[in-house]
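Participant: Next come the chains, spelled out residue by residue.
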Amino acid sequence: MTTTDSAPDVRRVVEAVYRIESARIIAALARMVRDVGLAEELAQDALVVALEQWPARGVPDDPGPWLMATAKHRAIDHLRRQENYRRKLAVVGRDVELAEQTSAEPDIVDALDDHIGDDLLRLIFTACHPSLTTESQVALTLRMLGGLRTDEIARAFLTTEATVSQRILRAKKTLAKEGVRFELPPPSEVPARLAAVLGTIYLIFNEGYSAAAGDDWSRPQLCADAIRLGRVLAGLLPGEAEVHGLTALMELQASRMAARTDADGRPVLLLDQDRRRWDRLLIRRGLTALAHAEELGTLGPYGLQAAIAACHARALTPAETDWARIAALYQLLSHVAPSAVVDLNRAVAVGMADGPAAGLEIVDGLIARGELAAYPHLPAARGELLERLGRGAEARAEFARAAALTRNETERELFARRAAG
Amino acid sequence: MRYVMLLEATQPATPPPAELMAAIIKLGEEATAAGVLLDNAGLAPSQAGAKITVTGGGLSVTDGPFAETKEMISYAVYETRTKEEAVEWASRFMKLHRDLWAGWEAECRLLKVMGPEDFQQP
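In order, the protein sequences belong to chains Y and E.
Residue numbers for the first sequence follow this note's numbering, beginning at 1 and rising by one.
Residue numbers for the second sequence follow this note's numbering, beginning at 1 and rising by one.
Since the hints were made in silico from the structure, they are not lab data.
Cβ atoms here follow ideal geometry from the backbone N, Cα and C, with glycine treated the same way.
Check the hints yourself; a few may be wrong.
[Claimed, not checked] With beta-carbon atoms standing in for the labels, derived distance ranges:
hint, chain 1, residue 1, chain 2, residue 2, range
1, E, Ala18, Y, Pro65, 56 to 62 Å
2, Y, Pro65, E, Glu105, 23 to 29 Å
3, Y, Asp62, E, Met21, 44 to 50 Å
4, Y, Gln166, E, Arg109, 41 to 47 Å
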């Protein structure tokens with residue numbers, strides 16, 4: 001037993017241990033019972049047992065293995081009940097096929113610990129299975145891999161606990177109905193399936209990153225959850241450049257968290273941020289992850305975005321920014337992940353590297369192609385370039401256009417101020 | 001939330017058992033794989049360090065070793081969702097020592113690094 005003075009709330013201790021262990025437990029149980037939904041329920045049963053026993057008997061000395069062992073016992077009980085049921089069926093002379101599915105269970109249990117990494121991967125790929133909606137993928141990933149409770153997910157996504165519960169229930173049903181097996185995707189499907197996993201993690205990150213001032217603290221906390229998942233994935237798939245690329249991108253973006261808003265909660269643009277408030281530890285980790293990605297070969301979309309973020313992170317002052325490199329990276333990005341927004345960002349970088357006229361040419365190319373007609377950042381970027389070219393009146397008109405297009409109140413204020421000159 | 005763990009210990013005269021070193025490395029790998037251990041390092045004996053003191057309006061620099069009975073051994077930086085999770089990781093680290101190195105006594109201080117959540121409006 002661990003003795004604690006002024007015993008902290010045992011419930012919180014149980015939850016902490018569960019958060020640390022749950023993904024591994026669910027993954028191990030899913031291998032045993034071959035059903036992710038059931039595995040998650042059995043893991044929850046073990047959590048309930050801990051919540052009942054620990055307050056009375058004290059926290060076990062080895063709480064992690066305790067939870068794992070309790071959960072495995074639950075799974076074995078379940079398998080035995082199934083086995084008994086099958087025997088009874090067999091006695092009645094009906095089912096042979098079912099009985100073949102259960103092999104000797106002690107072997108399964110013994111083999112468990114050796115496969116934990118593979119099982120975690122299976123769990124991630126299952127949670128992000130293409131048969132599920134994006135919302136379900138997010139909820140399942142946070143619940144099964146992130147160890148978040150349903151109410152925590154609901155708070156972070158500004159929705160109700162009932163909605164999230166429904167989503168998770170539906171997702172489990174879909175997985176069962178579609179007969180999704182607890183296995184790794186075949187090699188031919190890995191790129192697409194991995195892209196879905198990375199997309200889900202980045203979506204969770206961006207949900208946190210877009211949190212507004214005054215939002216519940218659990219929203220920006222989603223960034224930390226997503227980064228944690230990215231790090232877990234990087235450990236499981238050390239040979240995948242884009243996994244390191246995404247992790248690098250998230251670490252580098254998160255490093256600017258504290259500088260992104262002013263004291264009143266208004267957004268501060270990258271070049272206006274107080275770089276002393278950037279998180280040097282996250283920058284260092286982000287640069288290391290990016291180096292891993294680069295060692296593995298050609299950078300993909302996440303790696304390239306991380307490389308761009310790294311250019312900013314390396315510059316101690318805005319003036320030291322390597323804009324030529326950023327422009328070149330955007331050029332590469334527009335080849336691997338073509339988008340008008342990427343082109344617009346390239347225009348801004350070119351405008352910084354080669355002068356406003358060169359940037360303006362790219363922006364005008366976008367306009368000529370009818371791209372981003374309703375995107376406020378296009379006129380805003382054009383206004384910026386025009387202003388630097390000394391074309392003040394035209395610049396102010398562009399900012400007025402940007403102010404009219406944006407739906408973000410603080411952005412509108414910013415643009416309107418510049419439209420007024 | 002980010003926590004710094006500072007470990008102060010009285011080391012037995014015996015060298016740390018190989019078993020303990022292996023267990024520490026394994027736990028470090030686990031915490032890294034879980035995405036919660038951000039940084040850690042061992043600290044050289046205070047003999048290699050110095051103490052800079054301001055007192056009574058004066059500043060003095062004293063070379064190590066320091067006179068304390070315990071030595072600072074290591075630090076680690078964790079990022080967890082709750083304090084209890086950080087306590088759990090630190091406890092696992094301490095239990096390895098307790099179980100594998102007889103006579104080892106230590107204190108691990110868990111300190112929260114100030115973050116944006118500390119400046120949230122209630």
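Participant: Each of the hints needs a verdict: does it hold here or not?
Facilitator: Checked hints:
no. : hint                               : verdict
1   : E:Ala18 with Y:Pro65: 56 to 62 Å   : violated, 23 Å
2   : Y:Pro65 with E:Glu105: 23 to 29 Å  : holds, 25 Å
3   : Y:Asp62 with E:Met21: 44 to 50 Å   : violated, 20 Å
4   : Y:Gln166 with E:Arg109: 41 to 47 Å : holds, 44 Å
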